Amino acid sequence: DQQVKQNSPSLSVQEGRISILNCDYTNSMFDYFLWYKKYPAEGPTFLISISSIKDKNEDGRFTVFLNKSAKHLSLHIVPSQPGDSAVYFCAASARNTGNQFYFGTGTSLTVIP
Amino acid sequence: DAGITQSPRHKVTETGTPVTLRCHQTENHRYMYWYRQDPGHGLRLIHYSYGVKDTDKGEVSDGYSVSRSKTEDFLLTLESATSSQTSVYFCAISGQGADTQYFGPGTRLTVL
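These protein sequence lines are chains A and B, in that order. For what it's worth, my numbering labels the leading residue of the first sequence as 1, then goes sequentially. For what it's worth, my numbering labels the leading residue of the second sequence as 1, then goes sequentially.
Calculated from the structure, these hints are not laboratory results. Be aware that a few hints might be false.
What the hints assert, rightly or not - No farther apart than 30 Å at their CA atoms in a straight line, the calculated lysine-lysine pairs in the DSSO-like style are these:
{"hint": "1", "chain 1": "A", "residue 1": "56", "chain 2": "A", "residue 2": "5"}
{"hint": "2", "chain 1": "A", "residue 1": "5", "chain 2": "B", "residue 2": "57"}
{"hint": "3", "chain 1": "A", "residue 1": "54", "chain 2": "B", "residue 2": "53"}
{"hint": "4", "chain 1": "A", "residue 1": "37", "chain 2": "B", "residue 2": "57"}
{"hint": "5", "chain 1": "A", "residue 1": "68", "chain 2": "A", "residue 2": "56"}
{"hint": "6", "chain 1": "B", "residue 1": "57", "chain 2": "A", "residue 2": "71"}
{"hint": "7", "chain 1": "A", "residue 1": "37", "chain 2": "A", "residue 2": "5"}
{"hint": "8", "chain 1": "A", "residue 1": "71", "chain 2": "A", "residue 2": "37"}
{"hint": "9", "chain 1": "B", "residue 1": "57", "chain 2": "B", "residue 2": "11"}
{"hint": "10", "chain 1": "B", "residue 1": "70", "chain 2": "B", "residue 2": "57"}
{"hint": "11", "chain 1": "B", "residue 1": "11", "chain 2": "A", "residue 2": "68"}
Quick caveat: nothing in here was measured; it's all calculated off a predicted structure.
Produce the complete structure using the sequences and hints provided.
Structure below.
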């Protein structure tokens, strides 16, 4: 049973516009969330994280929003660049109860020049 | 970049043969993880280790075993490979449990 879901397998955005990637989770015990970016033939690269005590975290062009009541998080990329074209995974963990992360199935982002 | 290497990077083997994948880290991190990535499934945890000789199962551990005799090395063994184990395998490390994980470059395994 998938505890972390990314319902959009793919997304296309024009260069310079905003990319919004979504992620839903079912386990209310999750308290730490990550986004990873993955290029073909490479390992996932950590992008940004957020703890459940926050509802927003920014790092340059990347912002993650967390809505705990909806069990939903999103990654905003502004402005989008062609180099952002990759697969993005969200992941969640319950740090007080275990050592595992649960990953979504990924969203493939294509930024069109 | 975190110092994580995986070997081999590519392997083709036949059904029924044993296979061992190696993950090596130079970061002295306590936690090490093995994942597999498959289309439509994302990354799924196979096994993880929280210290030398301390390991635990993940959600897809059947058919896999692991060993960690040194902090820097975490081995994943397929005792008798099956075609369903054709996948890309990633190793990850973290300093604390359920903390930010850093991934290796992956091993592409094909079982014929």
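Checked hints:
1. A:56 x A:5: 20 Å, holds
2. A:5 x B:57: 22 Å, holds
3. A:54 x B:53: 36 Å, violated
4. A:37 x B:57: Roughly 25 Å separates the two Cα atoms, so the pair holds.
5. A:68 x A:56: OK: residue 68 of chain A and residue 56 of chain A at ~11 Å, within 30 Å.
6. B:57 x A:71: Judged against 30 Å, a Cα distance of about 26 Å means the pair holds.
7. A:37 x A:5: At roughly 16 Å apart (the allowed maximum being 30 Å), residue 5 of chain A and residue 37 of chain A satisfy the hint.
8. A:71 x A:37: 21 Å, holds
9. B:57 x B:11: Status holds; Cα separation ~24 Å.
10. B:70 x B:57: 19 Å, holds
11. B:11 x A:68: Answer violated: residue 11 of chain B to residue 68 of chain A is near 42 Å, above 30 Å.
Violated hints, listed in ascending order, are 3, 11; each of the other numbered hints is respected by the structure.
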